[in-house]
Amino acid sequence: MSIKPLADRVLIEPAPAETKTVGGIIIPDTAKEKPLQGKVVAVGAGTKDEEMVLKVGDEVLYGKYAGTEIEHEGNKYLIMRQSDVVAILA
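Per my numbering, the very first residue in the sequence shown carries number 15; after that it's consecutive.
Simulated from the structure, these hints should not be mistaken for laboratory data. Incorrect hints may have been included.
With a cut-off of at most 20 Å between alpha-carbon atoms, the simulated SDA-like pairs for lysine to any residue come out as follows [said to hold, decoys possible]:
| hint | residue 1 | residue 2 |
| --- | --- | --- |
| 1 | Lys18 | Glu87 |
| 2 | Lys69 | Gln51 |
| 3 | Lys90 | Leu50 |
| 4 | Lys78 | Lys18 |
| 5 | Lys78 | Lys62 |
| 6 | Lys90 | Ala104 |
| 7 | Lys48 | Ala21 |
| 8 | Lys18 | Leu92 |
| 9 | Lys90 | Tyr79 |
| 10 | Lys69 | Ala31 |
| 11 | Lys69 | Ala80 |
| 12 | Lys53 | Glu85 |
| 13 | Lys53 | Gly38 |
| 14 | Lys48 | Lys18 |
| 15 | Lys53 | Gly71 |
| 16 | Lys18 | Ile40 |
| 17 | Lys53 | Ala104 |
| 18 | Lys48 | Pro28 |
| 19 | Lys53 | Tyr76 |
| 20 | Lys69 | Val54 |
| 21 | Lys48 | Ala101 |
| 22 | Lys78 | Ser97 |
| 23 | Lys53 | Asn89 |
| 24 | Lys18 | Lys69 |
| 25 | Lys53 | Val100 |
| 26 | Lys53 | Ala21 |
| 27 | Lys69 | Ile39 |
| 28 | Lys78 | Leu50 |
| 29 | Lys48 | Lys78 |
| 30 | Lys90 | Val57 |
Label pairs and their calculated CB-CB ranges [as the list claims (entries may be wrong)]:
| hint | residue 1 | residue 2 | range |
| --- | --- | --- | --- |
| 31 | Glu85 | Ile40 | 20 to 28 Å |
| 32 | Tyr79 | Ala59 | 22 to 30 Å |
| 33 | Ala29 | Glu87 | 48 to 56 Å |
| 34 | Pro30 | Val70 | 30 to 38 Å |
| 35 | Ile40 | Leu103 | 23 to 31 Å |
| 36 | Ala104 | Ala31 | 41 to 49 Å |
| 37 | Ile40 | Lys62 | 15 to 23 Å |
| 38 | Tyr79 | Lys18 | 40 to 48 Å |
| 39 | Lys62 | Gly38 | 21 to 29 Å |
| 40 | Leu20 | Gln51 | 17 to 25 Å |
Cβ atoms here follow ideal geometry from the backbone N, Cα and C, with glycine treated the same way.
Could you put together the complete structure from these sequences and hints?
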(Lines of atoms letter the chains of each structure in order from A and count residues from 1; the text may use other names and numbers.)
(Lines give C-alpha, C1' and ligand atoms only; values in the text may rest on other atoms or scores of the structure.)
Protein backbone atom coordinates (compact mmCIF):
# COMPACT_ATOMS: atom_id res chain seq x y z
CA MET A 1 0.00 0.00 0.00
CA SER A 2 1.28 3.46 -0.86
CA ILE A 3 0.12 6.91 0.18
CA LYS A 4 -1.16 9.26 -2.54
CA PRO A 5 -1.97 12.79 -1.30
CA LEU A 6 -5.11 14.45 -2.63
CA ALA A 7 -5.58 17.93 -4.12
CA ASP A 8 -2.84 20.38 -3.02
CA ARG A 9 -1.28 18.18 -0.36
CA VAL A 10 2.26 16.78 -0.29
CA LEU A 11 3.84 13.91 1.63
CA ILE A 12 7.22 14.77 3.14
CA GLU A 13 9.83 12.58 4.77
CA PRO A 14 11.40 14.79 7.46
CA ALA A 15 15.17 15.00 7.72
CA PRO A 16 16.50 13.18 10.79
CA ALA A 17 16.70 15.29 13.96
CA GLU A 18 20.20 16.39 14.83
CA THR A 19 21.75 14.59 17.78
CA LYS A 20 23.99 17.06 19.56
CA THR A 21 25.73 16.49 22.82
CA VAL A 22 26.41 19.30 25.24
CA GLY A 23 29.51 18.71 27.31
CA GLY A 24 29.08 14.95 27.05
CA ILE A 25 25.36 15.04 27.91
CA ILE A 26 23.14 13.28 25.40
CA ILE A 27 19.95 15.14 24.59
CA PRO A 28 16.87 12.86 24.83
CA ASP A 29 14.46 12.50 21.89
CA THR A 30 11.80 14.56 23.67
CA ALA A 31 14.10 17.60 23.87
CA LYS A 32 15.35 17.49 20.28
CA GLU A 33 14.31 20.20 17.84
CA LYS A 34 11.90 19.05 15.18
CA PRO A 35 13.54 19.20 11.74
CA LEU A 36 12.20 21.96 9.51
CA GLN A 37 13.26 20.40 6.24
CA GLY A 38 12.57 17.21 4.39
CA LYS A 39 12.17 15.47 1.07
CA VAL A 40 8.95 15.34 -0.94
CA VAL A 41 7.99 11.69 -1.53
CA ALA A 42 4.51 12.13 -3.06
CA VAL A 43 2.35 14.98 -4.36
CA GLY A 44 -1.31 15.50 -5.14
CA ALA A 45 -2.63 16.72 -8.48
CA GLY A 46 -3.27 20.29 -7.30
CA THR A 47 -6.56 22.16 -7.46
CA LYS A 48 -8.20 24.32 -10.10
CA ASP A 49 -7.09 27.41 -8.15
CA GLU A 50 -3.55 26.24 -7.28
CA GLU A 51 -1.31 24.19 -9.54
CA MET A 52 1.18 21.80 -7.99
CA VAL A 53 4.67 23.29 -8.25
CA LEU A 54 6.39 20.78 -5.95
CA LYS A 55 7.57 17.47 -7.35
CA VAL A 56 8.83 14.20 -5.91
CA GLY A 57 12.44 14.50 -4.81
CA ASP A 58 12.37 18.22 -3.94
CA GLU A 59 14.18 19.17 -0.72
CA VAL A 60 11.94 21.67 1.09
CA LEU A 61 11.69 23.86 4.17
CA TYR A 62 8.39 24.07 6.05
CA GLY A 63 6.97 25.77 9.12
CA LYS A 64 7.65 24.45 12.61
CA TYR A 65 4.04 23.41 13.25
CA ALA A 66 3.08 22.58 9.65
CA GLY A 67 1.47 19.34 8.64
CA THR A 68 0.12 16.23 10.28
CA GLU A 69 2.47 13.49 11.42
CA ILE A 70 1.66 10.01 10.16
CA GLU A 71 3.47 6.69 10.40
CA HIS A 72 3.35 4.18 7.55
CA GLU A 73 5.21 0.85 7.54
CA GLY A 74 7.52 2.02 10.32
CA ASN A 75 8.48 5.31 8.61
CA LYS A 76 7.39 8.74 9.84
CA TYR A 77 6.02 11.28 7.37
CA LEU A 78 4.33 14.67 7.35
CA ILE A 79 1.37 15.42 5.14
CA MET A 80 0.66 19.11 4.55
CA ARG A 81 -0.73 21.58 2.09
CA GLN A 82 1.64 22.89 -0.56
CA SER A 83 1.12 26.39 0.88
CA ASP A 84 2.71 25.23 4.20
CA VAL A 85 6.01 24.70 2.37
CA VAL A 86 8.03 27.92 2.55
CA ALA A 87 10.97 27.14 0.24
CA ILE A 88 12.57 24.62 -2.10
CA LEU A 89 16.26 24.02 -1.42
CA ALA A 90 18.37 24.17 -4.58
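Now the hints, each set against the structure:
no.	hint	result
1	Lys18 - Glu87	holds (15 Å)
2	Lys69 - Gln51	holds (15 Å)
3	Lys90 - Leu50	holds (14 Å)
4	Lys78 - Lys18	violated (23 Å)
5	Lys78 - Lys62	violated (28 Å)
6	Lys90 - Ala104	violated (24 Å)
7	Lys48 - Ala21	violated (26 Å)
8	Lys18 - Leu92	holds (13 Å)
9	Lys90 - Tyr79	holds (15 Å)
10	Lys69 - Ala31	violated (23 Å)
11	Lys69 - Ala80	holds (18 Å)
12	Lys53 - Glu85	holds (15 Å)
13	Lys53 - Gly38	violated (31 Å)
14	Lys48 - Lys18	violated (24 Å)
15	Lys53 - Gly71	holds (6 Å)
16	Lys18 - Ile40	violated (37 Å)
17	Lys53 - Ala104	holds (12 Å)
18	Lys48 - Pro28	holds (9 Å)
19	Lys53 - Tyr76	holds (11 Å)
20	Lys69 - Val54	holds (7 Å)
21	Lys48 - Ala101	holds (17 Å)
22	Lys78 - Ser97	holds (14 Å)
23	Lys53 - Asn89	holds (13 Å)
24	Lys18 - Lys69	holds (13 Å)
25	Lys53 - Val100	holds (13 Å)
26	Lys53 - Ala21	holds (19 Å)
27	Lys69 - Ile39	violated (40 Å)
28	Lys78 - Leu50	holds (6 Å)
29	Lys48 - Lys78	holds (7 Å)
30	Lys90 - Val57	holds (16 Å)
31	Glu85 - Ile40: 20 to 28 Å	holds (24 Å)
32	Tyr79 - Ala59: 22 to 30 Å	holds (26 Å)
33	Ala29 - Glu87: 48 to 56 Å	violated (19 Å)
34	Pro30 - Val70: 30 to 38 Å	violated (20 Å)
35	Ile40 - Leu103: 23 to 31 Å	holds (29 Å)
36	Ala104 - Ala31: 41 to 49 Å	violated (23 Å)
37	Ile40 - Lys62: 15 to 23 Å	violated (50 Å)
38	Tyr79 - Lys18: 40 to 48 Å	violated (24 Å)
39	Lys62 - Gly38: 21 to 29 Å	violated (56 Å)
40	Leu20 - Gln51: 17 to 25 Å	holds (24 Å)
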